[in-house]
Amino acid sequence: MTIHHRQKTSPQAAPSVRLAVAGLLALWLAGCASSAISPATRELDLPPTWHQDQAGTSEAGPGEAWLEALKSPALNTLVNEAQTANYPLARQRARVEELRQATATQGSSLWPSLSLGLDADRNGITGDDGGDITTESWRAGLDLSWELDIWGKLGDRQRQAELGYQSALAALRQQQLQLAADVATGWFNAIANARLEALLEQRLDNVSTDLASLEQGYRRGLSPALDVYLSRNTVADSRANLAQQRQDLQEARSNLQLLLARYPGGDGLATSATLPELDPVTPAGSPAGLLRRRPDIQGAWLDLLAADAGLAAAHKDRFPSFSLVGRAGSSSSALHGLVDAGLGSWSLGAGLAQPLFDAGRLGSLEAQARARVAQAEQGYLEIVFQALAEVERLLSAEHTLRDQLDAQRESRGNADIAYELSLQQYARGLIDYTTVLEAQRRAFDAQTAAIRLHNRVIANRIDLYRALGGDFAPAGAAST
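Residues in the sequence shown are numbered from 2 upward in steps of one, following the working numbering.
Worth double-checking, as some hints may not be accurate.
[As the list claims (entries may be wrong)] What follows is a list of derived Cβ distance ranges for each label pair:
| # | residue 1 | residue 2 | range |
| --- | --- | --- | --- |
| 1 | L382 | A66 | 25 to 35 Å |
| 2 | Q102 | S273 | 44 to 54 Å |
| 3 | Q102 | G327 | 27 to 37 Å |
| 4 | S324 | R43 | 47 to 57 Å |
| 5 | S397 | A360 | 30 to 40 Å |
Don't read these hints as lab results, they were simulated from the structure.
Cβ atoms here follow ideal geometry from the backbone N, Cα and C, with glycine treated the same way.
All chains should be built: construct the whole structure from the sequences, respecting the hints.
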């Protein structure tokens, strides 16, 4: 006879146990919902306006289609070509596709796994009479396994993968904007170098003509030998400068061709266009608006959220895991019998696993995940404040460069007049030739400085458009 003993539980003990379990469950759930991102990072305290912005306090940023503001129709074609053909951009697109597929892979863990298996055995033995006895066995089974996402751990892993994919999309967008800015800067740099080459060619022609006149005057006894040698020195310097400028133009064109995925031969680009005169006012929006516009800031924020989701998953790895396991199948001594046999057996089970001792491995993994969140948070803040500093610097340069360009153009005009006066006074014998050469040098330097400074104004405006997160494509145009 079997005697069953039942332990008595006081009415007060059962509620205590239930309260303890409920408290533990609440503690687990509270841990699941926590975030390691500081509130100060989530709500950055930024000034309402830019310190260096003189264009007003409009919330609107640089807007759409800033390529149009550069007033160079040929540039639009080059940018579109680069967006299609550029090799690093194509590599980033492949990276985005890889991470998109990774989200599908991670999402599959939320669903049951079902697999079909087929096994076959063939065995032979030799009997006492020397004959061979051969047997066959066939087995088919359908296996089911499913980890129930009770704590949301698998959902956190999927969210981490999805955030990584969104971050890669933001990186692609940032790369597209950077490429458009690089092509625009390279295009105007090539134009500026072409204009400098033309200026140097003109200077060489002028000083060569002056040298011919001086040599003729020297043969007639009208010009001193010193003037001839000074003029020959100027011609030699002009030839050397022109050779260097031709090399600079070849490199500028070659760099632009690399962005376009063309052969970098340094030719085949029509750079005879002029540098455009840009409108002085550029809406800069607000510092807070920059966080929404710039793809690199958005990508850093998504990386931070992904690290935080990884921390949540690492924390939940320490909780119990629940799983369902099932199997259904049949067996037969022949394959055709296996097909006809139908379902012969089945089983369904549930399991619970709670880590008890792992020598601190899970705790260490969670600490590592928390450290990754801290790294991502500091990386995000670094990118944000570097972007803010970049905009402030470019806004300041927007105004100072324009002032410099205006002053340089005034200097160029005065230098041209001084050079013309020096030629007239030299022809009347009022000054020596060294004064003419100095006036000529000043006029040439003023012309080259004006071209280079004009190109710097355009390059700074392009950098400002990029730094403000402005879109180079027209509104509604797909650029991803």
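Quiz item: Does the hinted range 25 to 35 Å hold for L382 and A66 at CB?
Solution: 32 Å, holds
Quiz item: Honestly, do S397 and A360 meet the 30 to 40 Å range at C-beta?
Solution: 57 Å, violated
Exercise. Indicate whether the distance between the beta carbons of S324 and R43 respects the range 47 to 57 Å.
Key: The hint (47 to 57 Å, Cβ to Cβ) is violated, given that S324 and R43 are roughly 36 Å apart.
Exercise. Given the range 27 to 37 Å, decide if the beta-carbon distance of Q102 to G327 lies inside it.
Key: About 29 Å separates the Cβ atoms of Q102 and G327, which means 27 to 37 Å holds.
Quiz item: Holds or violated: 44 to 54 Å for the Cβ distance of Q102 and S273?
Solution: Given range 44 to 54 Å: holds, Cβ gap about 47 Å.
Consistency with the previously given hints fails for numbers 4 and 5, ordered from lowest to highest.
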